[in-house]
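A.B. asks: Sequences are here, hints too, so could you generate the full structure?
Chains as they are written, first to last, in this note's numbering: chain B, 424 to 678; chain Z, 1210 to 1567.
Honestly, the hints are just simulated from the structure, not real lab data. Glycine included, each C-beta is placed from N, C-alpha and C at the ideal position. There is no bait here: all hints are sound.
If you only want the chain B side, here are some residues facing chain Z, beta carbon under 7 Å, derived:
{"hint": "1", "residue": "Pro495"}
{"hint": "2", "residue": "His496"}
{"hint": "3", "residue": "Glu511"}
{"hint": "4", "residue": "Ala514"}
{"hint": "5", "residue": "Ala516"}
{"hint": "6", "residue": "Leu523"}
{"hint": "7", "residue": "Gln537"}
{"hint": "8", "residue": "Phe540"}
{"hint": "9", "residue": "Glu548"}
{"hint": "10", "residue": "Ile549"}
{"hint": "11", "residue": "Arg552"}
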Amino acid sequence: MSIFVADEIAMNFGGIRAVEGVSFAVEPGEVFSIIGPNGAGKTTIFNMISRIYTPSAGRMMFDGADITNVPPHTIASLGIARTFQNIELFANASLLQNLLIGRHCHSKVGLLAQLGFTSAVRDAEIAHREKAEEVIEFLGVQRYRDQLIANLPYGVRKVVELGRALCIEPRLLLLDEPSSGLNVEETEEMGHWIGDIRRDLGVTIIMVEHDMKLVHMVSDRVLALASGRILALGTSSEVQNDPEVIRAYIGGAPA
Amino acid sequence: MIAPFKVSYRQDLLLAKTPAAKASYAVLLVALAVIPLVMGEFYVGELGGLFIFAIAGVGLMLLTGYTGLVSLGHAAFLGIGAYAHAIMLAQGLPFLISLPMAGVITAAFGVAIGVPTLRMSGLYLAISTLAFGSIIGTVLQKWDALTGGFDGFAVRTPTILGWKIQGAMGTYYTSLIVLVLVIWLALNILRAPLGRAMVAIRDSEISAQSMGINLAVTKSIAFGVSAGITGLAGGLYAHYVRHLAPDSFDILLSIQLVTIVFIGGLGSMHGAIFGAVFMRLLPQAIAMVRDDLPFGLGRTPGLEPSLFGLILVLVIMFEPGGINGRWMKLKHWCKSFPLHRRAASRRQKSYAKSERLR
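C.D. replies: Shown next, in the form of structure tokens:
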């Protein structure tokens, strides 16, 4: 059974149709990439899946349950994590605190217990810390643990954002342009991490990406979008050789 | 100054992380406990007032410094707390019940004002809290039957376990105890999930939401806790002024509270205390030099508020970290002496965020 299904989803902003009737299904354990020129509606689809936008039409199913109308803050506890195109970390908090915020959806201590910082809260905090440390080790960012995000280089921030999403212990991970702003080496490293996350943690990944090398390296299937519509869906090489996709990217004689 | 070797995650959850920190806070506490025995009544009274403003500062710091919500109506919470406490005392309730009750009532008001303002932020939130403040001010004036109107009423002198809370000494000790308690509560919040959620909302609402943080609930709780703490300060303030009148809870008081958190340094509990110290010392300093100022400047009306305003502007322009930021830089300078580099304390431009969804 597919882990995520988008059924004819559409998004209108006033008169602008950002996404028009897009359908696709993501299988458990695969890396599913979405490509397309600027303004194709890739990030809009992400914002719909993470429920920041409510689709104008269509339905979204995650793990057999309808998530078209759930409130945005429940998405994380359902098991969907995401990163952002331009990094939305908590800049005035340390790396560790950022990862711990990723654990928020797993925290179940009451308000009064927190006010008194009871031993139950302390034990829960230590359990969260252990989980966060696992992620720190997985990504190899130990030496930045107590540094403020505002003082970290861009490449490290990208990794931290990935780590924060992993702290949610997601089953579906949405990566919005994981390579943007990274140099060639860092992009390759990111590719290896995506592979590791899929292989070692068994997380299904949907990725929006422009770097075709990275897309080719990690994805099982690729969805090409243009102007809010599906152009092609298939393996990376199939999509890259699709005449419609080539026309959307570099233009061509009108059909 | 050397941090102890870390051997367990538990250590990172301690409030005082080094033996040196623990010792210095203990010394401070002991010093504060014996001050009234050696100092004159005037100073003890002033310090008591300082503690009250520090409590309110801690309350507003949680909201403005950690959750990123600016409130220009906190004088109203101070007023609600003061009136609620004084009225309950007058009804014959004991102090130990009426003060916490005043905090709870004010917290309820905080949640009530928090809910409709959830969709606002920045300037709009400031304006709506300002409106709330002036509404409460009017209610305190007009509701004669409950508040005594313009004339207000005298606050009853309460007793705790047979000990009369009166004079400078009484206010000093009760305020000190409440301040310590409130700081403890605030630090607990900050090391628990709620505190992290507040910081997350301050730094990026959109990703806070995607991390599973319920914006509406967290902001309401922040408003409630902040108002409740300010309400406690209000209850103590009633004893400090001894006679309640509605005009003491005006916009100027709100601005003084905002000044405390900005000048002290946003996003630090030390800042709330530093800010309160500064705010209470400045009028004293002005009073001291008033007669020696040239051109009769000392007798100019409005000297105090305009100085506050000027200092607030200067701090925001040149030291956004406030007094606490300066203090951290000084500590860093001492630690790294003589190897300090000026660039270490230079402000950095952060990466621009373009994808802003609100």
